[in-house]
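Enquirer: So the chains spell out like this:
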Amino acid sequence: MDKKITDFIVTELKIGKWKLAPIDLLLLIFAPVFGVMMRVCVQSYYALPQTKEFIVINDGLKVATGCFDVLLAIVAALFVFELTKHKLKAFLAYAITLLLPVLAAGSAMWGMGDSIFVFFAILSLYLLVKGKGNSAVICYGVALFLSRYAFFLLPVFAIAFMQKKTKLVSYLAPLCGAWFRNGIVIGDGKLSFPIFESERILSIMRGENLISYNWPNFYQIIGPDKFVIEYGLVAKSIAAVLMFVVVVLVLQKGEELKDEKWVSLSLLLSMVFPFIMPQMDERCGLLADVLALVFVMKFTDMYYVAVIHIVISYIAYSAYFRGESVIPLCYVAFVMLFLIVVMLRFVMGGKRFYIGFKEKENC
Amino acid sequence: MDDKFREMLTHTFRIKKKNITFTTLDILLFLVLTVFALVARYALRNVVAGDYKMFFEPWVATLREAGGGIKGLAAEFEYVDYTTPYLTILSFISICPFLNTLLLMKIVSIFFDFVAAFAVMAIVYHQTKSSTKAILGYGTLLLVPTVLTNGAMWAQCDIIFTSFILWSVYFLLKDRPAMGMMFYGIAFAFKLQTLFMAPLYLILWMKGKIKLKHFLFLPLMYLVGMIPALIAGRDFWELISVYFMQAGGMMDIYALSHKFPNIYQFIGTDVFLFEYADAGIWVTLGALMVFLYVFARKNYTIDTKLFLRMGMLLTMTVVFFLPHMHERYAILVEVMAILYLFVEPEKFYIPLLTILCSFAGYTIYLAQNNIVPMYVYTVCFMLLMFDHAVACVRMMNRNKVSLE
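Chain order of the listed sequences is W and B.
Note that this note's numbering numbers the first sequence so that position 189 is 189, with each residue one more than the last.
One rule links them: number in this note's numbering = place in the second sequence (from 1) + 1000.
Quick caveat, the hints were computed from the structure, so don't treat them as lab data.
One or more of the hints may lead you astray.
As the list claims (entries may be wrong) - Distance condition first, Cα-Cα at most 20 Å in a straight line; then the derived SDA-like pairs of lysine to any residue:
{"id": "1", "chain 1": "W", "residue 1": "Lys3", "chain 2": "B", "residue 2": "Asp1175"}
{"id": "2", "chain 1": "B", "residue 1": "Lys1071", "chain 2": "B", "residue 2": "Ile1095"}
{"id": "3", "chain 1": "W", "residue 1": "Lys87", "chain 2": "B", "residue 2": "Tyr1300"}
{"id": "4", "chain 1": "B", "residue 1": "Lys1298", "chain 2": "W", "residue 2": "Leu20"}
{"id": "5", "chain 1": "B", "residue 1": "Lys1211", "chain 2": "W", "residue 2": "Val10"}
{"id": "6", "chain 1": "W", "residue 1": "Lys351", "chain 2": "W", "residue 2": "Thr300"}
{"id": "7", "chain 1": "B", "residue 1": "Lys1209", "chain 2": "W", "residue 2": "Met1"}
{"id": "8", "chain 1": "W", "residue 1": "Lys4", "chain 2": "B", "residue 2": "Trp1205"}
{"id": "9", "chain 1": "B", "residue 1": "Lys1400", "chain 2": "W", "residue 2": "Val10"}
{"id": "10", "chain 1": "W", "residue 1": "Lys298", "chain 2": "B", "residue 2": "Phe1386"}
{"id": "11", "chain 1": "W", "residue 1": "Lys298", "chain 2": "B", "residue 2": "Lys1209"}
{"id": "12", "chain 1": "B", "residue 1": "Lys1211", "chain 2": "B", "residue 2": "Met1179"}
{"id": "13", "chain 1": "W", "residue 1": "Lys19", "chain 2": "B", "residue 2": "Val1294"}
{"id": "14", "chain 1": "B", "residue 1": "Lys1400", "chain 2": "W", "residue 2": "Lys351"}
Stated by the list, open to error - Where chain B lies over chain W, by a calculated footprint (3+ residues, C-beta under 8 Å):
{"id": "15", "stretch": "74-82"}
{"id": "16", "stretch": "91-97"}
{"id": "17", "stretch": "217-231"}
Just so it is clear, CB atoms sit at the ideal spot from N, CA and C, and this is done for glycine as well.
The following block holds chain W by itself, in its conformation from the complex:
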């Protein structure tokens, strides 16, 4: 009797064109259930000033981003399946994305719309890997319109163009995205759309007194409150140069980027730029969190990259929620630097830093 039950739980059944075991279905059902329950527990919190209008905006955004969390989980799972052709890993990516504390806190607790931009950014990379370059660039344009953090992936799409994956005309999408966004958020444009309202209120509240807002980057090591304007300009210049250098180096190497190489390069860039760019805040690591998850599903032996990055991201979140970080952010910045070095070694020479086990032994 017991054997019949346990065998049934793991026996694969043909459902449409998929072969799924009841245990897979249980995961597919319970991951969103647990994800929703997590979000329900924290949704009563309002991080920004509670005016009546703001609560309406914030609540709406919490629901919308919650829906995008589910979409993001699906895209992450598809992406992992595309890279690994491994069903179990795809299911795990789906479940873990839904249960990511950073994602849940960002959407249901904080009420910021980051998971929407992350969804479009990840979708754009997925489409790029699938060989649909032009659609990828359009999605990237939407991501860029929604958040400045999509900017981290700019070199990826520059390389994609140079490697004939995309057409030049499709780049109108990111151009328009960045242009509209600039007009709405930085300029005087009024678009009463919740995602921009939340960000606008947050940036007004904060001003520009610090060069890093709780993100464990280089400025946490040297002090985030000194030479804010001067260092800011220098950092932007360095970031621009770095973007150009990355594109040139990849192109000079003459190697065509495909599949996991897009992911690893994107992950490295989304770790490096928040580390050197000015005015980075707690949420700037979200893209890297999801990318790291996709990456480690392919390279299981580098599992620690995702775990550590997600923990770092949540430490940054909690620094905002609490008003200060429990662990001094300068120490966390060194851990971040370690992750960057690990990823840099990997991207440049395929060298892996193992903690525990090697790829040939992975699942």
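Could you slot chain B onto chain W? The hints should help.
Expert: Here is chain B on its own, set in the frame of chain W:
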């Protein structure tokens, strides 16, 4: 003369029925470890911890006022979170004419320290067939700081349910699932924390080591444990709902972690007490679901190493994410780490770091010392979890079973 003495020390004894051999030196080692374990406990006998003053002493007084013994169990408490079996022990302590309450409570815990130590000895012997290693296992459990201080210094009783779980592990390793689950049921009758191990037992069921019917021992043993209180006239439903009340209890809500090095030490234990407390439960369930999915989905055989690694990983996952965890709640991980030391001695760092992390919390409670920030221990704890997760994946691959 010298040779005779040497010969005497190395003389081998044999218990034929059980096929156990040991030397005089083993006996000496056993005696020395026992004596020193007792001496260490004697040294701690007069320490009065805050919990005793705040909880145990008033509880015992209430039981005494109600008549003590079985009669005492009819007492009405303002607040109590123990089930009938331990309250019965306390109730008999309340009318014991010898020694004081504190010492009697400590003696009960110390007795179970030895019950647990004998279980470790049996498990290590079963695995290694070495009497010396088995006795060293016995001594290690008795002398590790957390076990030593838990009962003998703090007068806590976590070792009671732990000792039953250890016997449960012993019988499961001996392929006697009914006995194993009976002891697990007894442990459950004593403490809710027994459920920290439940995910491991689920995996064992999935892998055919336990039958579904064996899980009936949990409610059965709980009901058996209720009998003294029922005789004393307590309400059946009130007794059966103790754990539900505990789970929804309001006693520990003032901090997300009570000096335990878990995830809340990274993000702060004193904010979003309600939001994180509720969300933390779902995160824990989610994390367990992911692990259970991986462990149940793959085809492999479970050996002792994998059994212990999985047990440690799953229990650590629970205490790492669940809110309101106390410094004592990793005791199951600690005893499994001690067992692991004798299964794979080169991994000595596992018990070392596990016990160090837990004892940091003990020190904060007992001595109000907080020299190293708690988040440092959390990093250690997390690294250990990495180590266990990696080892589980590796062992599952090594023990892979082909479906063909």
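Enquirer: What are the numbers of the hints that this structure violates, sorted from low to high?
Expert: 11, 14, 15, 17
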